[in-house]
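Residues per chain are reported as follows:
Number of protein chains: 2
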Amino acid sequence: MLRIGLIGTGTVGGGVIQILEQKIAEYKEKLGVELELSCICAKSEEEVAPYKAKGYKVSTNADEMIAGDDIDVLVELAGGYNMPRKWILAALESGKHVVTANKALLAKYGHEIFPLAAKKGLHVLFEAAVGGGIPIIRSVQEGFVGSTVESLSCIINGTCNYILSRMAEEGLDFDVVLKDAQKLGFAEADPTFDIEGIDSAHKTALLASLCSGKRVDFEKIHVTGISKITAQDIAFAKELGCCVKLLGIYHRDGDRVDARVHPCFVPNTNLLSNVNGVINAVYLKCDNLGETVQTGAGAGRLPTASAVVADLVSLARSTDQGSRKALPMGWFNVENSATLVPISETSARYYLRFTSRDACGVLAKITKILADNNISIETIIQKNVNDPGKVSIVVITEKTLDSKLSKAVDAVNSLSEIVEKSQVIRFLA
Amino acid sequence: MLRIGLIGTGTVGGGVIQILEQKIAEYKEKLGVELELSCICAKSEEEVAPYKAKGYKVSTNADEMIAGDDIDVLVELAGGYNMPRKWILAALESGKHVVTANKALLAKYGHEIFPLAAKKGLHVLFEAAVGGGIPIIRSVQEGFVGSTVESLSCIINGTCNYILSRMAEEGLDFDVVLKDAQKLGFAEADPTFDIEGIDSAHKTALLASLCSGKRVDFEKIHVTGISKITAQDIAFAKELGCCVKLLGIYHRDGDRVDARVHPCFVPNTNLLSNVNGVINAVYLKCDNLGETVQTGAGAGRLPTASAVVADLVSLARSTDQGSRKALPMGWFNVENSATLVPISETSARYYLRFTSRDACGVLAKITKILADNNISIETIIQKNVNDPGKVSIVVITEKTLDSKLSKAVDAVNSLSEIVEKSQVIRFLA
Numbered sequence: 001m002l003r004i005g006l007i008g009t010g011t012v013g014g015g016v017i018q019i020l021e022q023k024i025a026e027y028k029e030k031l032g033v034e035l036e037l038s039c040i041c042a043k044s045e046e047e048v049a050p051y052k053a054k055g056y057k058v059s060t061n062a063d064e065m066i067a068g069d070d071i072d073v074l075v076e077l078a079g080g081y082n083m084p085r086k087w088i089l090a091a092l093e094s095g096k097h098v099v100t101a102n103k104a105l106l107a108k109y110g111h112e113i114f115p116l117a118a119k120k121g122l123h124v125l126f127e128a129a130v131g132g133g134i135p136i137i138r139s140v141q142e143g144f145v146g147s148t149v150e151s152l153s154c155i156i157n158g159t160c161n162y163i164l165s166r167m168a169e170e171g172l173d174f175d176v177v178l179k180d181a182q183k184l185g186f187a188e189a190d191p192t193f194d195i196e197g198i199d200s201a202h203k204t205a206l207l208a209s210l211c212s213g214k215r216v217d218f219e220k221i222h223v224t225g226i227s228k229i230t231a232q233d234i235a236f237a238k239e240l241g242c243c244v245k246l247l248g249i250y251h252r253d254g255d256r257v258d259a260r261v262h263p264c265f266v267p268n269t270n271l272l273s274n275v276n277g278v279i280n281a282v283y284l285k286c287d288n289l290g291e292t293v294q295t296g297a298g299a300g301r302l303p304t305a306s307a308v309v310a311d312l313v314s315l316a317r318s319t320d321q322g323s324r325k326a327l328p329m330g331w332f333n334v335e336n337s338a339t340l341v342p343i344s345e346t347s348a349r350y351y352l353r354f355t356s357r358d359a360c361g362v363l364a365k366i367t368k369i370l371a372d373n374n375i376s377i378e379t380i381i382q383k384n385v386n387d388p389g390k391v392s393i394v395v396i397t398e399k400t401l402d403s404k405l406s407k408a409v410d411a412v413n414s415l416s417e418i419v420e421k422s423q424v425i426r427f428l429a
Numbered sequence: 001m002l003r004i005g006l007i008g009t010g011t012v013g014g015g016v017i018q019i020l021e022q023k024i025a026e027y028k029e030k031l032g033v034e035l036e037l038s039c040i041c042a043k044s045e046e047e048v049a050p051y052k053a054k055g056y057k058v059s060t061n062a063d064e065m066i067a068g069d070d071i072d073v074l075v076e077l078a079g080g081y082n083m084p085r086k087w088i089l090a091a092l093e094s095g096k097h098v099v100t101a102n103k104a105l106l107a108k109y110g111h112e113i114f115p116l117a118a119k120k121g122l123h124v125l126f127e128a129a130v131g132g133g134i135p136i137i138r139s140v141q142e143g144f145v146g147s148t149v150e151s152l153s154c155i156i157n158g159t160c161n162y163i164l165s166r167m168a169e170e171g172l173d174f175d176v177v178l179k180d181a182q183k184l185g186f187a188e189a190d191p192t193f194d195i196e197g198i199d200s201a202h203k204t205a206l207l208a209s210l211c212s213g214k215r216v217d218f219e220k221i222h223v224t225g226i227s228k229i230t231a232q233d234i235a236f237a238k239e240l241g242c243c244v245k246l247l248g249i250y251h252r253d254g255d256r257v258d259a260r261v262h263p264c265f266v267p268n269t270n271l272l273s274n275v276n277g278v279i280n281a282v283y284l285k286c287d288n289l290g291e292t293v294q295t296g297a298g299a300g301r302l303p304t305a306s307a308v309v310a311d312l313v314s315l316a317r318s319t320d321q322g323s324r325k326a327l328p329m330g331w332f333n334v335e336n337s338a339t340l341v342p343i344s345e346t347s348a349r350y351y352l353r354f355t356s357r358d359a360c361g362v363l364a365k366i367t368k369i370l371a372d373n374n375i376s377i378e379t380i381i382q383k384n385v386n387d388p389g390k391v392s393i394v395v396i397t398e399k400t401l402d403s404k405l406s407k408a409v410d411a412v413n414s415l416s417e418i419v420e421k422s423q424v425i426r427f428l429a
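Chains as they are written, first to last, in this note's numbering: chain A, 1 to 429; chain B, 1 to 429.
Same shape as in the complex, but just chain A (with noise of 0.2 Å):
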């Protein structure tokens, strides 16, 4: 028998109160797994109110819910840092174990969290907090241990992969894109935190953990993220055989670790570039199981419960006869902080679209700096944009160093004739 005490019964936390009550007799019928809902918590009496007249123990005090003799396992879905963190914390000190689908902490506190539950042989699982539906935690800590992955690349945002297809399907510009995004519910009302990229920077610091085996920090991954990104760069994509996908990407790089988040021009022969909407999708390169790719529902009520559920079930089967070895800190060694490989060391081919004034000689100025930073080109595109008297110079590199290619751009950017900073966009190979 597994008792669960659950924070949270907003839209995961209600999904998984939903999920529970339709599976519960099956998983005891089926796997001869007990769970037991034990205390449902929430902020207030009105939160927890309908779960009360259904007949469930609830509670507003989360902390005492904690320190009890209650429960089993934490499942924290308040989301949030300092009171999940504190919760977390506590739980694991007190002997239980911890389900969660909180990213941003995990990400930011995981060097707290891990190591702790190591100390206290217990498991802390958070299958749910990436990629929602996609089994990618249990992929990397369980499927692929026969191998060592080389480099992951993977759309883990669903708000950035909806606003880029429609942009893409409807030659719509970002901000026309994102309003209606936010009018459907697929963008927040501050949408900062997904379209620049940081919540695709935690979850791409958790893979990059799991991994390289090491710490990754998520405050040094380099982001950028979709805000920049014009239906112009995605009209050349198209012409260029490619579509944008904001990426999160790692590679193993000997001892260091390249872990970064950026949007990329992605060939239409990649199975990425297929993945459109609000689906997350996850490629990986092992050493010895070849290429693989998971796609799925990257969010939502149900899909991300489901893999909260996912991980009760788990739990219950590795403690409810003898203990199920917990994974070392999540199989990664928080005392090994990474080395992350600077943006500057790295290479791509590059898109760059310059905007220039229609103005004689500008091309060969463009080329001449590019030529004296030793950047091959494989393709020129000029054309006339809507504004009159301006031209958009794209520019394809071949394979250049990243800070070669900064002091180019930077180059072209102090020209008289530039008219607006100019986009860079890596392909994703």
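To be clear, the hints were calculated from the coordinates, so they are not data collected in a lab.
For glycine and all other residues, C-beta sits at the position ideal for the given N, C-alpha and C.
Check each hint, because a few of them may be wrong.
[Claimed, not checked] Heads up, incomplete: computed chain A residues facing chain B, CB under 7 Å, no partners named:
#, residue
1, 17
2, 135
3, 138
4, 145
5, 213
6, 274
7, 277
8, 290
9, 295
10, 296
11, 309
12, 362
13, 364
14, 367
15, 369
Dock chain B against the given chain A, drawing on the hints supplied.
Just chain B now, with coordinates in the frame of chain A:
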């Protein structure tokens, strides 16, 4: 400490030894999980000699190894039916866990193996049996346990997918590509098992059992292979915005199970359409989780071996400290046989290709037969084929019951103008 007894030093067995040598120290250091390759067993002294030379304990007597006290888990990678069945049952009888990649054996004798394991409280793990590098067994059994699988479509035979992909890319006929695939090692000398869909049926039976929680007998599954697919069918598929894939299919149909294997027209917008070559993919639709797709290497030495090793690590984590509860009968109840939906009761949109003498009035006769059987036509394409005097008539039907369609096609086949057996391929959706 989990002591491993391995039977089979062939492709996959050799790969398992290779990965264990690579990773055993890492598992101990990072996961605190100790694996030991305690005995390597093969048919002949020649096969085990290289491992004996390396210092491993070896054996040519599997029965003795299984009966002894030196191993905790039997890893069966010999293949075939009779001996592996005997070994696995003996291992379970004497208290050893089992890891195997033998889908044929599990599809045929799972009803003996799983109940015995359940009775003894032992694990039978078989991640490597389906989809090689895709952790699909783990996903269905654990990651998706918070949902009910409503339907599943999968590309799970690399040989067939390789042949169909090359037919599509190069416009070649089946026989030509098959010969080349045999030369390149992508098809066996006797390819029947693969190209006639039997291997896919084994795997589909296992997946359908896991999804339905019932025993799905692979002999009851409707199977059509790919040997009758022509270059012309694939060209028509392209024209219709589709590709042809051999799919394993599962649908929950009330209390019954709809499980089958046959070629399908897959629209190019579907994620499965992009899965080419020897790659495998599994699409799942779940009630709570929504849709997911997992793609990866379907076979091959290291991908398959990597899945076996993942099972061993899982087992070691479960048995090192206390005992993680084994999933009863691999999560499905072999006592509870599934009632399968007869293929005649299934419905689909159909691609029909009729080959007739270039005679007046054939089209009228065909359309009359279809109309008499209440089959609605969505599209008709008529083309001259290379053979002079022959005409191909392609009909795409609206959604039609199989029994109705079969009756109509039989009637068309008996027309004197029809010179070849008519082709019938279902659309995925």
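Review point. Which earlier hints turn out false for this structure, listed by number in ascending order?
Key: Violated hints (numbers, rising): 1, 7, 12, 13, 14, 15; every other hint is consistent with the structure.
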